[in-house]
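Asks: Using the working numbering, the final residue of the sequence shown is 227, and nothing's skipped along the way.
A portion of the hints provided could be inaccurate.
As the list claims (entries may be wrong) - Pairwise CB distance ranges (calculated):
| hint | residue 1 | residue 2 | range |
| --- | --- | --- | --- |
| 1 | Ser17 | Arg168 | 47 to 55 angstroms |
| 2 | Thr198 | Asp43 | 34 to 42 angstroms |
| 3 | Thr25 | Asp158 | 27 to 35 angstroms |
Said to hold, decoys possible - Using 20 angstroms as the maximum straight-line C-alpha spacing, the simulated SDA-like pairs for lysine to any residue come out as follows:
| hint | residue 1 | residue 2 |
| --- | --- | --- |
| 4 | Lys206 | Glu187 |
| 5 | Lys206 | Glu171 |
| 6 | Lys206 | Phe190 |
| 7 | Lys197 | Ser155 |
| 8 | Lys108 | Lys206 |
Worth flagging that the hints you see were computed from the coordinates, not collected in a lab. Where is the CB? At the ideal position from N, CA and C, for every residue including glycine.
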Amino acid sequence: MSVVRVLVVDDQIMIRSGIRALLETGDEVDVVGEAGDGRRAVDMARALVPDVILMDLRMPVLDGVGAISQLRADAATAGIGILVLTTFDTDQNILAALQAGANGFLGKSADHEELMQAVRRVAAGGASLSAVATDTVVGHLTSTARRPPPHEPASPEDLRKAASLTSREREVASLVARGLSNDAIAERLFISPMTVKTHVNRAMSKMHVRTRAQLVVAALRAGLLDD
1 MSVVRVLVVD DQIMIRSGIR ALLETGDEVD VVGEAGDGRR AVDMARALVP DVILMDLRMP
61 VLDGVGAISQ LRADAATAGI GILVLTTFDT DQNILAALQA GANGFLGKSA DHEELMQAVR
121 RVAAGGASLS AVATDTVVGH LTSTARRPPP HEPASPEDLR KAASLTSRER EVASLVARGL
181 SNDAIAERLF ISPMTVKTHV NRAMSKMHVR TRAQLVVAAL RAGLLDD
């Protein structure tokens, strides 16, 4: 297995040092750099093009959401996996990071195995929504944010996209937003995991999102959990 090149971004030196120490306990990961703010992270990502960025959200100069948006807007860095470091206490920031294009979330208190699993998953092109930490985030979001925030209602465009979904795609998308894996959805709906994957991919295409994480946000905003 090839070595995963990681950029660690957090404004607290102790947290960066701790994450580096966990990552470098084996030979699977090479920490290619550290950054203490979002602007520096964007510059380093463009220069180094790591496989994965571990990104804090609350930082000076440019916060994590702003950094993610800039990285996704640049063709040179758009494909980098981004794993957000969080303490799970800021729902609005978490939703914004998902919308900006984060691939998943990792708690700052994660142990070595959780960290390595999440990094490997994102490096392989997947989302870390199946990781324990992100299941916690998704479950929390779906229990506290079943409707779009009053200041950010579903737009006519959101509703138009949702209306283009078939009834099965709506059902699958709502289950994704509730934190269920493809296997769990397949078991609930009595269909194969491959069929679930097809429905997920079609729903993502129709909702104009690129990641499973973004589908969660789109489903929440369009009120699919109210069906």
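Asks: Against each hint, give a clear statement of whether it holds in the structure.
Replies: Structure-based check of all given hints:
no.	hint	verdict
1	Ser17 - Arg168: 47 to 55 angstroms	48 angstroms, holds
2	Thr198 - Asp43: 34 to 42 angstroms	40 angstroms, holds
3	Thr25 - Asp158: 27 to 35 angstroms	44 angstroms, violated
4	Lys206 - Glu187	24 angstroms, violated
5	Lys206 - Glu171	14 angstroms, holds
6	Lys206 - Phe190	24 angstroms, violated
7	Lys197 - Ser155	27 angstroms, violated
8	Lys108 - Lys206	34 angstroms, violated
Consistency with the previously given hints fails for numbers 3, 4, 6, 7, 8, ordered from lowest to highest.
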